[in-house]
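Q: Residues per chain, in single letters:
There are 2 protein chains.
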Amino acid sequence: MVQYIGIQDVIEVLRTLGTERVLQELAKYIEDDFRRWEDFDKVARIASGSPNGVIELMPISDGRQFAFKYVNGHPCNTNAGKLTVTAFGVLADVASGYPLLLSEMTLTTALRTAATSALAARYLARPDSRTMALIGAGAQAEFQVLAFKTMTGIEKVRVFDVDPSASARFARNLATVPGIHVHVTQSVDEGLQDADIITTATAAKKHAVVLTRSQVRPGTHINAIGGDCPGKTELDREILHASRVVVEYPPQSRVEGEIQQVDPGFPVVELWRIIAGLEVGRRAVDEVTLFDSVGFALEDFSTLRFLRDITQEIGAVRTIDLVPDVADPRDLYSLLRRDGVLAA
Amino acid sequence: MVQYIGIQDVIEVLRTLGTERVLQELAKYIEDDFRRWEDFDKVARIASGSPNGVIELMPISDGRQFAFKYVNGHPCNTNAGKLTVTAFGVLADVASGYPLLLSEMTLTTALRTAATSALAARYLARPDSRTMALIGAGAQAEFQVLAFKTMTGIEKVRVFDVDPSASARFARNLATVPGIHVHVTQSVDEGLQDADIITTATAAKKHAVVLTRSQVRPGTHINAIGGDCPGKTELDREILHASRVVVEYPPQSRVEGEIQQVDPGFPVVELWRIIAGLEVGRRAVDEVTLFDSVGFALEDFSTLRFLRDITQEIGAVRTIDLVPDVADPRDLYSLLRRDGVLAA
Chain H
23 MVQYIGIQDV
33 IEVLRTLGTE
43 RVLQELAKYI
53 EDDFRRWEDF
63 DKVARIASGS
73 PNGVIELMPI
83 SDGRQFAFKY
93 VNGHPCNTNA
103 GKLTVTAFGV
113 LADVASGYPL
123 LLSEMTLTTA
133 LRTAATSALA
143 ARYLARPDSR
153 TMALIGAGAQ
163 AEFQVLAFKT
173 MTGIEKVRVF
183 DVDPSASARF
193 ARNLATVPGI
203 HVHVTQSVDE
213 GLQDADIITT
223 ATAAKKHAVV
233 LTRSQVRPGT
243 HINAIGGDCP
253 GKTELDREIL
263 HASRVVVEYP
273 PQSRVEGEIQ
283 QVDPGFPVVE
293 LWRIIAGLEV
303 GRRAVDEVTL
313 FDSVGFALED
323 FSTLRFLRDI
333 TQEIGAVRTI
343 DLVPDVADPR
353 DLYSLLRRDG
363 VLAA
Chain C
23 MVQYIGIQDV
33 IEVLRTLGTE
43 RVLQELAKYI
53 EDDFRRWEDF
63 DKVARIASGS
73 PNGVIELMPI
83 SDGRQFAFKY
93 VNGHPCNTNA
103 GKLTVTAFGV
113 LADVASGYPL
123 LLSEMTLTTA
133 LRTAATSALA
143 ARYLARPDSR
153 TMALIGAGAQ
163 AEFQVLAFKT
173 MTGIEKVRVF
183 DVDPSASARF
193 ARNLATVPGI
203 HVHVTQSVDE
213 GLQDADIITT
223 ATAAKKHAVV
233 LTRSQVRPGT
243 HINAIGGDCP
253 GKTELDREIL
263 HASRVVVEYP
273 PQSRVEGEIQ
283 QVDPGFPVVE
293 LWRIIAGLEV
303 GRRAVDEVTL
313 FDSVGFALED
323 FSTLRFLRDI
333 TQEIGAVRTI
343 DLVPDVADPR
353 DLYSLLRRDG
363 VLAA
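Residue numbers (my numbering), protein chains in the order written: chain H, 23 to 366; chain C, 23 to 366.
Do not rely on the hints blindly, as some may be mistaken.
Any copy will do: because identical chains look the same in the list, a pair fits if it lies in one copy or spans two.
What the hints assert, rightly or not - With a cut-off of at most 35 Å between alpha-carbon atoms, the simulated DSBU-like pairs for lysine-lysine come out as follows: (1) Lys104 / Lys178; (2) Lys178 / Lys64; (3) Lys104 / Lys50.
The set of hints was computed from the structure by calculation and includes no laboratory data.
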């Protein structure tokens with residue numbers, strides 16, 4: 023039998039541990055896997071494009087476990103009341119090739135993206151950062167804030183979205199969360215006031231500029247999660263030239279990230295090298311750091327590992343009959359005989 | 023909600039329709055899709071290899087639906103009582119990117135391989151073929167025979183396996199099937215006696231020769247399904263030079279099929295062109311035809327379409343919460359609020 027984790031199971035995990043502790047634990051799995059970066063076989067992702075969007079398969083393996091995520095990106099889905107991104111993933115045993123776990127990943131992708139953002143910020147933002155500007159209050163907004171609150175000590179969030187109802191929903195959702203104060207603002211400039219960390223998470227299509235060089239104060243950490251596919255960016259390219267730019271996996275980031283705007287030789291630092299202690303994160307108090315995040319298969323691998331462990335720990339393991347269980351592996355036909363299926 | 027088809031659901035379909043009718047119906051879906059071959063975006067498969075085996079993702083799309091199959095191949099799994107091949111697949115809506123159906127495909131891969139073999143034989147074997155030699159009585163053996171019985175009129179099967187217990191199991195499994203007579207034989211030569219069709223389906227590792235040129239009578243159709251990965255073949259290469267060789271998808275077959283033994287320019291006929299009426303199948307009564315089958319993503323696409331339709335038709339639709347259902351697609355966090363998850 024294969025373990026199955028659906029939406030209800032993820033919610034059960036969140037209910038049992040609390041969302042903030044889930045984000046912390048998940049970040050530890052991601053950190054551990056980034057630290058052993060060189061153990062991973064980083065296979066190219068497969069993208070199947072269409073006029074409305076893209077469907078991608080993102081595989082990765084460490085030689086013991088293989089994981090892949092199915093994820094789509096369809097910006098216009100919201101017009102039809104659908105999510106722009108849905109995802110699910112599978113963890114498998116490399117030695118036997120058997121799938122071990124199938125899990126929803128729409129909700130957990132938001133969790134892992136937030137955990138990864140906050141993890142990177144722990145190495146890149148000034149330790150005294152308390153105020154975050156949030157530009158774009160979409161599906162990932164609340165998760166980002168909870169991760170930054172619990173992992174980096176953010177106390178105040180100044181949010182701006184071109185759609186006031188999105189900011190209002192965001193403020194309402196976080197109103198009951200202790201220790202975080204949300205200020206809804208009317209412009210990007212108002213949102214940026216006193217910002218130690220700027221998170222850009224707009225659904226900007228094409229090459230938008232939601233933030234310019236002159237709006238960024240020295241010492242800021244920018245967490246750019248909105249630009250994540252070819253032809254979609256949200257930062258003024260001058261910001262890149264003025265920042266220490268950190269990415270997950272350069273071959274992918276140069277195609278999908280903010281750095282698609284600059285030369286292929288543009289200098290970047292790989293996050294795993296900072297986590298592994300091979301390079302420093304922030305070099306000076308007044309340096310601008312930029313985590314140009316596009317989301318990488320390793321983070322999904324870590325998330326599946328975490329989900330498998332935590333559901334077993336709290337005793338919330340469901341299984342599905344995705345793989346047959348036969349007494350003699352050469353006798354697949356016995357499944358029919360056993361269950362009384364007639365041949366004719 | 024996403025539809026889920028597990029082992030039990032496939033068995034329910036087989037119980038309701040009968041295995042032979044399932045094979046016939048499935049073959050129609052495969053035939054229809056091969057006929058519109060040029061509608062498909064045939065993406066390269068991703069393989070992740072390891073010392074024990076390989077895990078592959080096989081995607082394909084016709085611009086309206088996207089499908090992929092996860093499949094492993096681990097020849098030594100039988101030593102541990104495990105299947106050498108397990109598989110599952112997903113059908114998705116290209117317009118929205120949403121997954122529609124998740125299905126087991128270990129059992130259905132055996133069904134679709136059998137349906138494809140018999141479909142090809144309808145175009146390639148002599149219409150008066152009644153006797154099949156089956157070399158190798160592994161996991162796929164019974165399914166092959168049922169498909170050839172119901173789709174091409176095979177009445178007699180002469181089976182040979184190096185493991186007598188495999189032949190015995192095969193004979194036992196088919197003993198109650200009306201209209202098919204199984205003869206267990208002690209050698210390949212004895213198995214080949216009077217054969218109109220030869221199916222080779224051994225688990226031969228490396229380059230084995232289970233059949234030589236001189237053993238093949240004029241007018242025979244060879245259904246070669248055992249050689250299906252690089253470095254694994256089961257036919258004497260001289261047979262290739264003496265046959266009209268038909269393949270599914272040349273770029274894949276030249277790497278994985280029997281034709282990996284010959285030059286890249288070796289002439290082959292594509293099965294879809296025969297099905298679409300662009301080329302003839304068998305050209306003469308005494309011609310030797312050879313279907314060098316490795317299994318192609320299109321056949322899995324057809325299988326998922328068939329399973330979706332048939333389970334809806336017989337009212338056997340189960341769903342799983344693999345994708346969240348939210349009132350406002352920008353408000354993913356509402357899932358937590360709705361279910362009373364505390365943030366802290």
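Q: Taking each numbered hint in turn, which are not upheld by the structure, reported in ascending numerical order?
A: Of the numbered hints, just 2 does not hold.
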